[in-house]
Every structure is written in C-alpha cells, then in structure tokens.
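Undergrad: Throw the hints in and build the complete structure from the sequences for me.
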Amino acid sequence: GDSVTQMEGPVTLSEEAFLTINCTYTATGYPSLFWYVQYPGEGLQLLLKATKADDKGSNKGFEATYRKETTSFHLEKGSVQVSDSAVYFCALSDYTGGFKTIFGAGTRLFVKA
Amino acid sequence: SAVISQKPSRDICQRGTSLTIQCQVDSQVTMMFWYRQQPGQSLTLIATANQGSEATYESGFVIDKFPISRPNLTFSTLTVSNMSPEDSSIYLCSVYRSTNTGELFFGEGSRLTVL
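Protein chains in written order, with the working numbering: chain A, 3 to 115; chain B, 15 to 129.
Check each hint, because a few of them may be wrong.
Claimed, not checked - List time: in silico SDA-like cross-link candidates among lysine to any residue, alpha-carbon distance up to 25 Å:
1. A/Lys102 x B/Gln42
2. A/Lys114 x B/Gln42
3. A/Lys102 x A/Ala55
No wet-lab data here; the hints were simulated from the structure.
TA: What follows is the structure in structure tokens.
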C-alpha cells in the first residue's frame, strides 16, 4: 500500500540556517503531495502542495519539488526563523475510488534565536 | 477556505466515561473526516462521515468505541466511548479543501486527556 517516510526529528537549527526535511513516498497511482504544518497548540494547515511530477510547491519561503524518479518531496527553506518552529508532516493523497490521504510521522523543528 | 469549529477544544476526562466532540463547518460538504493524533505521533484516520449514511471506519476502529453522527451537510459528532488513558489524543475534524487533489482542511482539534 501507499506510504510516506520522512526524516525523524527533532531538528534543531539556529535562526537563518538552511532547512531540509526529507520525505519519500511509495504509491501505486499518481498521487498529489503535500506538506502540512502544525504550530504549537493548533490544528494542521497546508503549507504547500504539488499535484504532478516536476511541480514545485512554494509558500512562506518554503519549497518542495515533486520528484517522480526518486519518489521524493523534500522540504527546504533557505533561512529559517524562530516562528517556523512547528511540526511538519509530509503527506500524499491518492485517488483509488476516493481520495486516501497518508501522513508521514511528522518532523518537529526547533529554531533557536 | 472553509471554517471548521470544534468543541471542546480540550477536556480532561475520567476513565470509563464518554465524551462527544462536535465539528461544525461553515459550508456544506459531502464528506467529513475524523482523525486521531496520539501524543508525538502522526495522524490516523478513524472514519469518514457521509451525510445520510453510516460512517466508514478504518481498520482498528469500531463503531461501538467511536460512534459518529452526521445529521446534515455542515455538522458531525464523534463520541469517544468508555475512555481509557490510551484514548488521550488530539481528535481532528477535516474536510476536503479540494476534491481535485485531495487537499484537506482541518479544525483546530480537540485535545482529550483521560485520567
């Protein structure tokens, strides 16, 4: 079945550091890929998405490119801020008679001032 | 974007009791989803609630433990029955933001602690 694997956390960075959170997936179809973010005490919200191979999703300085050849959707940001401290979830949504969303385990990011 | 309101936002419950979580959406939606997020864990789909029919439960979740109601196109409830400390989790209500991609929109969650 479909699955999502993302790098374990927590990840601790200093402000203005470069961020990469790795995410790889397995899917039988042609899924859409997402990064969701959960700030402390809040529900999940969409950070960015890509719906087909080679698409790049971007938002708030974060980027991720849908790589079909490596089945990856790594999240990157060039310069993190303290306010980026949150849990990041990679997810895929595959349509097999109805959408099914699979979430990765989540990666907690701490950014120090 | 849809606005999803969940009640309660948090609660502390005694073992053996039941609690009902409400989810209100500000627009009509066909499908509503209930997820569980155990401490430090990812999200697990409990069930899909369709208006006018029985909820569809995922493997490992049963109606007796997590009864769901869906009386109309904007509202659903999830009950956590006969709670134990293992039920301490965040319970999240969700709807499709896009039916083309499967993108989800979430409520802020209901954080339950069972003593």
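Undergrad: Please verify whether A/Lys102 and B/Gln42 have alpha carbons no more than 25 Å apart.
TA: 21 Å, holds
Undergrad: Between A/Lys102 and A/Ala55, does the CA-CA distance stay at or below 25 Å?
TA: 19 Å, holds
Undergrad: Is A/Lys114 close enough to B/Gln42, meaning Cα to Cα at most 25 Å?
TA: 42 Å, violated
Of the hints listed earlier, the one the structure fails to meet is number 2.
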